[in-house]
Structure formats: C-alpha cells, structure tokens
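**Q** Okay, here's what each chain looks like letter by letter:
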Amino acid sequence: MLKKEIKEIIEKSKKWGWVLEPDAQEIFSLYGFKTPKYDVAISHDQAMTIAGKIGYPVVAKIVSPAIVHKSDVKGVVVGIKDDQTLIQTLDRFRKLDGFVGMLIAEMVKGLELIIGAKNDLQFGPMILLGMGGVGVEIYKDVSLRMAPLKKRDADHMIHELVAEKLLTGYRGVEPINMNALKKAIVNFSRLMMDLQDIVESVDLNPVMCTAKACTVVDSRIMLKS
Amino acid sequence: MDLKPLFEPKTMAVIGISSSNDRHPANVIFAKNHLRYPVEVYAVNPKGGKLHSETIYPCIADIPKKIDLAVIATRAELVPDVMADCIKASAKSAAVISGGFTEGGRGDLQDRMVSMAQEAKFPFIGPNCLGVYVPFRVDTFFLPIERMIKPDAGGVTFVSQSGGILVDHMIKFAQQGVGLAKAISIGNKAFIKEKELLAYLTKDPTTKVIAYYIEGFGVGEGRDFVLAADCSPKPVIIMKSGKTAAGNRAVSSHTASLAGDYASFAAAVAQHNIIEAANENELVSFCEVLSSYTKPIEGKIGIITGSGGHGAMAVDACSLAGLKVPELSEPTKTEVKNNLAENIRSIASLSNPADLTGSAIDEDFVACAKVMGASAEIDCVIVLLLPYIPGITLDIGVKLSSVSKQFNKPFIAYVPQVEKYTMLIEGFELNGIPVSSSIEGAVLMAKALARKKPC
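Line order of the protein sequences matches chains L and S.
Numbering-wise (numbering that gives the first Met the number 0), the first sequence opens with residue 0 and increments by one.
Numbering-wise (numbering that gives the first Met the number 0), the second sequence opens with residue 0 and increments by one.
Careful: at least some of the hints might be erroneous.
Unchecked claim - Listed below are several chain L residues computed to face chain S (Cβ distance under 8 angstroms; list not exhaustive): (1) 76; (2) 120; (3) 121; (4) 123; (5) 125; (6) 144; (7) 145.
Derived from the structure by calculation, the hints contain no laboratory data.
In this text the structure is predicted, and so the values were computed from the model without any measurement.
Where is the CB? At the ideal position from N, CA and C, for every residue including glycine.
All chains, please: the whole structure from these sequences, using the hints.
**A** Below, the structure is given as structure tokens:
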C-alpha cells in the first residue's frame with residue numbers, strides 16, 4: 000500500500016505529466032530508499048543557508064516542470080565548493096525555462112548505476128538495471144526483468160551486466176555493497192507494482208553504489224497521460 | 000470451457016457452403032473432411048439445396064445431430080447471427096474462418112461475438128484464421144488437399160497468429176522430420192488466445208512441445224501468458240515478429256528507450272522459462288530436439304566428426320551459442336583411443352572435437368560415442384556424420400541411437416540433407432535422434448536443451 004504522502008505528491012504532479020525531482024526524491028525516501036541530503040532554494044540567502052547546512056562541496060540542479068532532461072540545458076552543476084559559484088549557478092538557472100527553484104544536494108560518490116522501470120503494455124512493469132550516467136543509452140549495458148522481482152532475479156540481473164566485474168571489485172577497487180543493491184532492486188520492483196496504474200516510466204539515474212550503500216542521486220518519474 | 004470438441008470433433012458443421020463454387024473456402028473444408036476423417040460433416044447454407052448429392056441444411060439447428068465443431072465461413076456481417084444460431088443449437092465449439100473484423104474496421108462485429116461467447120462459455124477460435132489441423136482427426140484449413148504438405152504425426156503443437164506462417168512451418172516440419180500433434184491458427188484471437196491454448200495443451204497427451212508464432216499480445220496478456228508458461232511441464236517455444244516497430248518512437252526516459260517493446264518481450268519470456276526462437280531455423284530445430292529429449296543439459300558438448308573442418312565449424316557455433324566444448328581429460332582420450340580400430344588410432348585427433356577422419360567406420364563412431372556417453376565430462380553429443388565416408392553404413396543411426404539410450408544422454412546428428420541419404424537420416428530420426436541439415440542447426444538443438452530449465 001502506498002503511503003498517503005506518496006499519493007499526494009503524485010496527485011499534484013499530474014498537471015505536469017511527471018514528478019519534479021525534489022518530489023520524486025521524496026517518494027523514494029518515503030519508500031525506504033537512501034537519498035542524499037537536499038533542499039530547494041529560490042533566493043541567494045536560502046541557497047547559502049542550505050549549502051552551509053549540507054556542507055560543501057554540493058551539487059545544484061534546476062527544478063522546472065518544463066525541463067525533463069536537465070543535463071541538456073546544463074541544469075546540473077556538480078562539485079560546487081563555495082558561495083560564489085553557488086550564487087552564479089542560481090542566477091543562471093533562474094533564466095532557464097520554467098524555473099521554480101534550485102535543488103542543492105550533498106555530493107555522493109560511487110559507481111554509477113541506473114535502476115529504471117517501464118510500464119509495458121503487454122507485460123506491465125519491467126525493471127531495468129544497468130551501468131548509469133549519461134552514457135547509458137550508448138553502452139546499453141542493461142538487464143531487464145518483469146516485476147515483481149525476488150532477490151534471485153536481482154542476482155541474475157547483476158550477473159547479466161557486461162560490467163559485473165566493476166561491481167564485484169575490479170583492479171583493487173572495493174566491491175560495492177551487493178546486498179544493498181539487491182535490496183534496492185527488489186524494493187524498487189515492489190514500488191513499481193504499487194504504482195503500475197499511474198506511472199509510465201521511471202529512471203533512478205544515477206544510483207551511486209559504494210562499499211557501504213546505494214544512494215538514489217537523481218530520479219525521474221513520468222506519469223501516464 | 001472444454002476445448003476438446005474443437006480438436007477432436009465427432010460431428011462438424013461447415014457453415015457458408017456454396018452450392019455452385021467448389022473452390023469456396025467452406026466447400027474446400029467440407030470436401031477435405033467428408034469421408035476422409037473420422038468426423039461426420041454437415042453442410043449449411045440458409046438457401047438450403049444440395050451440394051452434389053449431399054443435403055445443405057438451412058441452419059445448424061436443422062442438422063439431426065448435436066454439433067461438436069461449427070466451422071463458420073460466411074461473410075463477416077453474418078457471423079454474429081450464425082454464432083448465435085450455433086449457441087442456440089448447443090454446438091460445442093466454433094472455428095471462425097471468415098475475415099473482415101478488427102482487421103477490416105469491423106471491431107463491432109468481433110465484440111458482439113466475444114460477448115456472446117463469454118456469456119454462453121462457447122469456445123471459438125479466430126476469426127480471420129485457418130482453424131485447426133489435427134492429424135487423422137480434422138482439418139479446417141481452406142487449402143485444397145492436394146496442395147497441403149503434411150508432416151508426420153508427432154509431438155509438436157504449433158499455435159500461430161498467422162495462417163501462412165503456420166502452413167509454411169508444416170512444410171518445414173515435413174522436410175526436417177518434425178512430428179506434428181496439432182496446427183492451430185488463431186488469427187485475431189478474439190476469444191481463445193495463447194493462454195487458453197496453453198492450459199489445454201499442457202494437459203493434451205499428444206502434445207510434447209508447444210510452439211507459438213506471436214506478433215504481439217493484447218494489453219496485459221503477455222504478463223498472464225508468461226506467468227502461466229513458467230510452470231508448464233512441457234517446453235514452450237516462441238517465435239516473435241514485429242521486433243523493430245517501436246524503434247523510432249520518441250521516448251522521454253532512458254528506461255523507456257532501452258526497455259523497448261521487443262526488449263521487454265525477450266526479457267519477460269526468457270525470465271519465465273520460455274525458449275525464444277530467433278528465426279524459423281531455430282524454431283524448427285528447437286521443436287525437433289525438444290520433442291526427442293526432455294531433460295535439460297548444462298551444455299558440455301562432445302563433438303564426433305569425420306572431418307576436421309566440420310569439427311572446427313561446430314566448435315565456433317557452440318561458442319557463439321554459449322555452449323562449452325570441453326577438452327577431454329587424458330584418461331578419457333586414452334579410452335577413446337584404445338577402442339578405435341588400429342588404423343584410425345594413429346591418424347585420429349582425439350581431443351574434442353574427436354576427428355575420426357574419413358577412414359573411420361561405424362564401429363569407430365560407436366566406440367567414441369560410448370566413451371563420451373559414459374563420461375561425466377560431456378552431457379550432450381553432436382555427431383557430424385558424412386554419409387560419403389566409405390566406412391559409414393546405413394545402420395549408423397540405429398547403432399548410435401542405442402548408445403544414446405544406453406547412457407541416457409542426448410545425441411544430435413548433422414547429416415547433409417539430400418534424397419540420396421534419406422534412409423540414413425531416417426535411421427537416426429526414426430530411432431529418436433534428431434537430425435539437422437546444417438552444422439549450425441545441430442548446435443542450435445543443443446542450445447535449446449541448455450536453455451530449457453526444469454520448472
């Protein structure tokens with residue numbers, strides 16, 4: 000069963016056809032996913048206060064109902080180290096189409112993965128796991144399964160990735176927390192079953208995985224029209 | 000809902016008979032069943048009259064017997080009323096051959112039929128289909144009998160959304176020695192769909208392998224089907240077309256773009272223990288091998304050949320198919336060697352593939368097959384058999400078949416397929432060893448066994 004707060008967020012997002020990032024992050028946080036510390040600023044003062052609380056470096060992202068692909072309009076700035084850059088970024092974002100705020104979030108490092116879902120006409124919610132980042136559609140190193148998934152399915156999906164070795168520890172790099180990743184995949188597949196009447200597709204991209212945890216750094220929820 | 004009357008009718012009405020045109024689909028269907036199959040066939044047309052010396056009944060209700068299967072081949076706009084007549088006359092099933100429904104902009108007619116059938120629990124197949132062909136039972140295909148190629152009766156049931164693809168595969172099955180249990184053309188699949196047939200066929204004693212040609216599922220129906228197929232005690236094979244249609248649709252998320260319609264299809268079927276055949280060759284090969292062997296393999300292939308080139312081609316194909324061709328251990332190699340004729344020992348290459356050379360005779364093949372049959376290093380043997388090697392006899396098939404049975408291990412043979420070698424090929428096939436006409440095909444068969452997982 001979906002929490003009331005999740006339902007409310009989805010209800011208010013219907014007018015845009017998709018869920019704005021801060022709201023999407025809220026949904027995943029409510030459903031038990033690890034998300035970075037973040038808040039949304041409109042003014043300079045707000046921005047500096049939020050960044051102060053989180054602590055530099057931070058990442059800044061445009062919040063606008065008109066901008067689904069943030070990178071395409073340079074709407075994501077990572078590694079901001081001081082107030083000056085933060086303010087400059089906010090001023091630039093304000094000029095972008097449909098600006099409603101700037102999301103400021105803690106910088107999270109790790110191996111970039113994508114966990115996604117598509118509500119397929121014939122098969123219902125399909126879950127995707129792959130190597131994330133902007134190159135996802137170029138390398139297409141992904142695995143797909145029909146939801147809901149069990150841990151064993153998550154195992155198989157990880158095993159299907161060409162880049163599996165990058166997850167299990169390659170050339171002295173620590174392996175990521177596989178259990179956290181599998182839990183995230185299984186939990187995500189359950190959420191997609193709960194949302195199947197409402198949601199068209201979802202990207203968690205990237206999910207940053209480290210030896211400790213998997214954190215949903217960016218998320219996008221497209222609603223059914 | 001009982002589908003048995005559809006496949007094993009004792010009485011059949013063909014509705015839409017013409018009294019003047021012998022090439023009318025209904026007339027073709029009447030003629031090919033009447034006095035040829037163990038089914039009593041009645042002709043129906045509202046105008047009545049005679050078809051040659053047979054009575055044409057004005058309505059199905061006028062037929063003196065209860066009808067198991069009504070074959071409806073009238074104009075589309077008449078079909079709903081004809082179906083109502085069938086239900087009223089307590090007919091048990093129907094095959095609607097007529098076209099011109101959803102595919103011709105008359106979805107309303109189809110909707111009427113479906114709601115009628117749902118209410119009366121009246122199973123009907125089609126519309127816009129060929130219906131059913133069951134060897135020695137019934138044949139509702141409107142193709143003149145002299146033009147049909149019929150495979151031997153056997154274990155494969157093929158369900159197809161396209162009648163043409165179905166008939167083509169009957170030809171391929173006949174060519175490749177694949178036995179057919181039922182051929183079912185489902186056309187618009189308005190009421191009886193893939194899933195209902197799966198439920199029936201998993202219990203059907205003549206069906207050992209269930210194969211589908213699918214263009215697409217209805218909304219949510221793919222999910223229901225794969226979930227049902229996951230627990231099928233019989234292997235389920237799917238060949239899909241329309242894999243690229245969604246390719247250029249604008250999509251707004253990475254996942255929607257990567258998880259295109261076909262990618263989702265392929266993932267969902269593979270996840271649920273369904274074997275996807277990429278093309279016709281795979282389909283025929285998979286059907287043949289899975290009707291011979293039911294036990295899955297891990298994929299450790301032993302190759303026995305009379306030619307080094309064939310062996311190398313087979314190894315490449317195995318590697319592409321994800322199958323292993325393990326090097327034989329020293330003791331196994333020695334055992335093979337000790338059992339070969341003396342003149343072969345010095346010239347044969349006894350790793351894997353085991354190349355027995357063009358000087359080998361039946362007994363060398365059998366000796367090598369026995370060692371591979373007994374060895375745990377190998378779980379499936381592919382024999383590349385060249386009938387033009389002078390030492391090979393027509394008995395090689397039955398000899399190798401008995402080795403396969405002795406060790407309960409699947410053997411697959413490649414034999415070039417020309418009429419001259421038919422008897423040699425039948426020596427394998429009639430004794431239960433599937434034969435492919437290409438090296439790649441033989442490897443595909445092994446691949447199917449490796450893909451099949453126990454439920």
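**Q** Does each hint hold? Answer for all of them.
**A** Hint check results:
no.: 1; hint: 76; verdict: violated (21 angstroms)
no.: 2; hint: 120; verdict: holds (6 angstroms)
no.: 3; hint: 121; verdict: holds (3 angstroms)
no.: 4; hint: 123; verdict: holds (5 angstroms)
no.: 5; hint: 125; verdict: holds (5 angstroms)
no.: 6; hint: 144; verdict: holds (5 angstroms)
no.: 7; hint: 145; verdict: holds (4 angstroms)
In summary, the one numbered hint that this structure violates is 1.
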